[in-house]
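Peer 1: The residues making up each chain are set out below.
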Amino acid sequence: MTRIGVIGGGIAGSSVAVELADAGIEVLLFEKSGEIGGQIKEFGCKATDICTRCNLCLVDSVFNQVRRDKSIKTKNNHKVIDAYKEDGLFTLYCDTDKREEIYTNIDKIVLATGYRRWSELETGTPEIFDDKRIIWSGEFEEMLFKREDHLQKKDLDLDLDFEPESALFIQCNGSRSPQEKAAYCSRVCCGYNYRIARVLRESFPEMELGIFFIDIQEAGFLTDLSFQRLNDEGIDYYNCKPLRINKAAGKIEIAYEDQQEGKMAIAKTDLLVLSEGIHPGLENELWSKLFNLQLTDDGFLEEIVPGSESDVYLAGTISGPGDIATTISKSKAVANQIIYQEKEVVV
Amino acid sequence: MAGKRKFELAWIGDKEETDFESIQISAEDLVACQGEIGDFKLICNKENQPEEINVANIIINLPYQEEPVLEKADSLFSDDYDINEDKPVIILQDYPELSAAVISQAGLEKALEIKDNYPDKEVYYLYQAMRFIEDNDRLYERARESEIIFLKFDLGQLKIIEEEIIHYNREDIDLKLNGNILAAPELKPAKETERIARIFNLADGYKEYLQLDNIYLQPTLSGKRGVYLLKGSRGPTALTYFEEELDFTLNEVSKNLAGVTEIDKYDREVDDQKCILCYTCYRVCPHGAIQRDDELNSMKVMDLACQGCNLCLSRCPTNAIQIEDDYLKIEGENEQDPILIICENSAEIAAEKYNSMVGKDPLESYQKIEVPCVSTVERGQIFEILSKYSSDIMILGCVSEACKHLTGHDRCQQVVERIKEDLEKLEIEQDRVHYERLSPRMAADLGAFLADWKEALKQ
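As they're listed, the protein sequences go chains H and P.
Heads up: the first sequence at position 69 corresponds to 75 in the numbering used here, and the numbers run straight through without jumps.
Heads up: the second sequence at position 168 corresponds to 195 in the numbering used here, and the numbers run straight through without jumps.
In short, the hints are calculated from the structure, not lab data.
Do not rely on the hints blindly, as some may be mistaken.
Straight-line alpha carbon distances no greater than 25 Å define the calculated DSS-like cross-link-like pairs of lysine-lysine that follow [as the list claims (entries may be wrong)]:
| hint | chain 1 | residue 1 | chain 2 | residue 2 |
| --- | --- | --- | --- | --- |
| 1 | P | K481 | H | K159 |
| 2 | P | K148 | H | K47 |
| 3 | P | K452 | P | K415 |
| 4 | H | K269 | P | K292 |
| 5 | H | K349 | P | K282 |
| 6 | H | K160 | P | K327 |
| 7 | H | K160 | P | K387 |
| 8 | P | K33 | P | K485 |
| 9 | P | K186 | H | K338 |
| 10 | P | K387 | P | K415 |
| 11 | H | K349 | P | K33 |
| 12 | P | K481 | H | K152 |
| 13 | H | K159 | P | K327 |
Quick list of the computed label-pair ranges, beta carbon to beta carbon [said to hold, decoys possible]:
| hint | chain 1 | residue 1 | chain 2 | residue 2 | range |
| --- | --- | --- | --- | --- | --- |
| 14 | P | E48 | H | D103 | 36 to 44 Å |
| 15 | P | D299 | H | R73 | 39 to 47 Å |
| 16 | P | D330 | H | D28 | 29 to 37 Å |
| 17 | P | D479 | H | K349 | 33 to 41 Å |
| 18 | P | D479 | H | D136 | 31 to 39 Å |
| 19 | H | D136 | P | E371 | 28 to 36 Å |
| 20 | P | E48 | H | E315 | 23 to 31 Å |
| 21 | P | D330 | H | N237 | 48 to 56 Å |
Facing chain H, a subset of chain P residues (Cβ under 10 Å, in silico) [to be verified]:
| hint | residue |
| --- | --- |
| 22 | S53 |
| 23 | S131 |
| 24 | N163 |
| 25 | D181 |
| 26 | K292 |
| 27 | Y293 |
| 28 | N372 |
| 29 | A475 |
Using N, Cα and C, we set each Cβ at its ideal position, and we do this for glycine too.
Sequences are here, hints too, so could you generate the full structure?
Peer 2: Next comes the structure, spelled out in structure tokens:
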């Protein structure tokens with residue numbers, strides 16, 4: 007019987023596992039942390055009065071199915087550290103809490119170890135880490151995950167020490183920045199910060215809101231996002247990257263170039279939310295060596311030969327930034343490729 | 028009929044290369060579609076030669092209609108454009124509205140092509156936002172290096188004078204550009220979209236496209252099993268991840284060909300003696316799973332197409348549609364407990380998540396009815412519960428526009444409003460029936476809300 011080893015129990019790995027299990031294929035799902043779910047596990051719903059298409063609705067049913075399905079053997083606390091292939095079969099070495107475990111006779115490998123958030127890199131200006139008025143979008147996600155306002159029709163609990171009357175978002179942190187070794191666009195941040203801004207707008211109609219961005223992206227199929235729409239929703243936008251952040255007493259001051267007037271200007275805010283660029287996972291280099299994969303200039307992975315020949319497949323943000331829906335659909339496509347080959351072998 | 032042929036896949040519109048036994052049918056020739064996944068019957072009428080074609084899967088792949096934004100400009104997509112010796116070339120993107128990412132890609136490629144062929148030519152690139160897909164970031168870098176002049180504009184900073192001259196005014200720059208304009212056309216839904224929607228009985232799409240803007244349909248599902256949507260049939264951003272979407276779709280087709288199973292174990296039978304052919308079920312079914320059975324002269328539920336929401340059952344005016352499953356069964360130990368009617372796609376998942384986080388089932392000490400979609404709530408059923416039990420009823424549906432059965436939440440809302448009207452007429456307390464919406468991610472919210480509600484009821 008075919009055994010597939012899926013490395014990484016986030017949404018990409020779990021989507022692949024569920025699809026394979028549905029087709030009657032045995033799956034070993036290796037997760038380095040104590041439970042499946044990955045980074046998406048504690049993102050929060052960004053619905054206002056209507057769905058803003060953050061796509062998190064699609065996620066939990068996948069994880070629940072992984073937990074229920076008997077043909078998916080989930081190995082939590084298993085960090086894959088080495089692998090080799092012999093006679094067409096893979097052997098994986100895993101570091102667990104207690105000892106090293108070895109798994110043999112694995113027909114194919116799916117790598118789905120995801121990305122790192124820029125904040126995890128701990129680069130950039132250190133003073134922003136200790137100011138309570140400056141938070142990462144990821145911290146906002148956690149607040150939204152714990153939200154108790156929607157059904158209860160209350161104001162969103164911001165879980166801050168102060169009550170901000172204004173909030174500014176800065177996009178392209180750790181993205182489109184050669185200094186950060188990330189010249190690429192992370193593609194999802196425009197979408198999530200715009201959605202967060204809308205949630206704030208609904209909860210706090212009086213709050214002053216603004217977004218700094220270089221080029222606003224489609225970001226996960228936000229088809230009708232436009233400058234006009236931002237205007238209509240009372241969200242100021244600054245079509246530029248800010249020049250300097252000054253942590254003045256009281257409000258934070260952000261110096262930028264006013265494009266309309268052609269001169270320097272200062273925007274002031276109580277709360278500053280920094281988007282987080284998507285950076286390649288730490289394991290990518292190891293995978294490239296173990297499984298003969300191409301490491302791109304940006305540090306993501308690409309196949310050298312197709313998975314049908316190498317028996318190694320890539321799923322999710324391991325091969326570049328992507329939104330939730332695209333990650334799920336691409337993962338399903340990867341699983342279906344494997345299923346299709348299995349059927350052909352049987353024929 | 029001229030004859031019958033059988034294929035694994037039908038392309039309505041453009042065809043892509045595949046290994047499947049496939050047939051290409053033009054949208055104009057298509058007259059009707061019957062059957063379901065694995066066994067669709069497409070009725071075509073080509074040059075007045077009617078033909079029935081049997082296909083297992085259908086991909087509707089119609090090109091966008093390209094609407095020029097300026098009469099005198101060339102299209103960015105055209106290879107046949109004027110290069111005037113003396114005048115600069117002006118690439119115009121995002122006029123009048125922001126455009127999809129694929130336009131940025133086409134614009135950058137075109138600008139680089141012109142700069143490669145005419146190195147001395149001045150090329151201006153006017154845009155509101157550069158959007159990134161595939162290797163756009165690299166193209167953009169190259170374009171910057173090759174001295175293409177990028178001018179970004181915001182609302183009100185760009186005016187077109189007499190269709191030829193572009194007035195750009197931003198900061199200290201005040202430019203009047205006169206040159207060969209290559210403008211990105213506006214992309215509009217494919218031709219024949221409305222007719223195709225009727226043929227396949229698809230729900231009303233988004234901005235006149237065929238696909239509803241619903242997260243459960245991503246990326247290329249139509250709501251009707253075995254029918255997929257690409258390009259100008261799908262939606263305004265269908266070209267952003269076209270290769271991935273095509274890949275996904277073809278893999279779905281291979282999976283379908285390997286075998287399709289029914290969504291659940293229940294049969295939904297239409298009693299042909301009771302069916303009055305009112306087509307209510309046909310209209311309400313979000314998955315195009317209801318057809319007319321000409322032999323029995325009644326409607327029928329297509330078992331493979333059915334997605335199990337039971338909306339047809341709850342809406343049939345003559346109760347002609349039967350199911351063996353008691354899907355409205357009340358579960359609970361104490362008849363005094365308040366009653367929750369919960370959707371298995373939102374509240375049920377949120378409750379499970381809450382339980383795994385907090386170690387406490389938020390639905391505990393409630394009586395519950397778990398439904399595949401709250402749209403199946405009927406007035407009769409609610410009144411029955413109200414007369415039999417003394418407790419309140421809370422219906423928990425999905426956040427507006429995040430319904431797995433597409434239109435379910437709105438239909439439930441209508442029913443609840445009518446129930447409240449009836450209760451008012453009967454002078455019974457309206458407050459006994461409640462309706463709220465949530466998403467499967469609102470676990471903490473659900474837990475707190477239900478605990479509070481129970482407290483409120485006690486008082």
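Peer 1: Which numbered hints turn out to be false for this structure?
Peer 2: Violated hints (numbers, rising): 2, 4, 6, 8, 9, 10, 13, 14, 16, 17, 19, 22, 26 and 27; every other hint is consistent with the structure.
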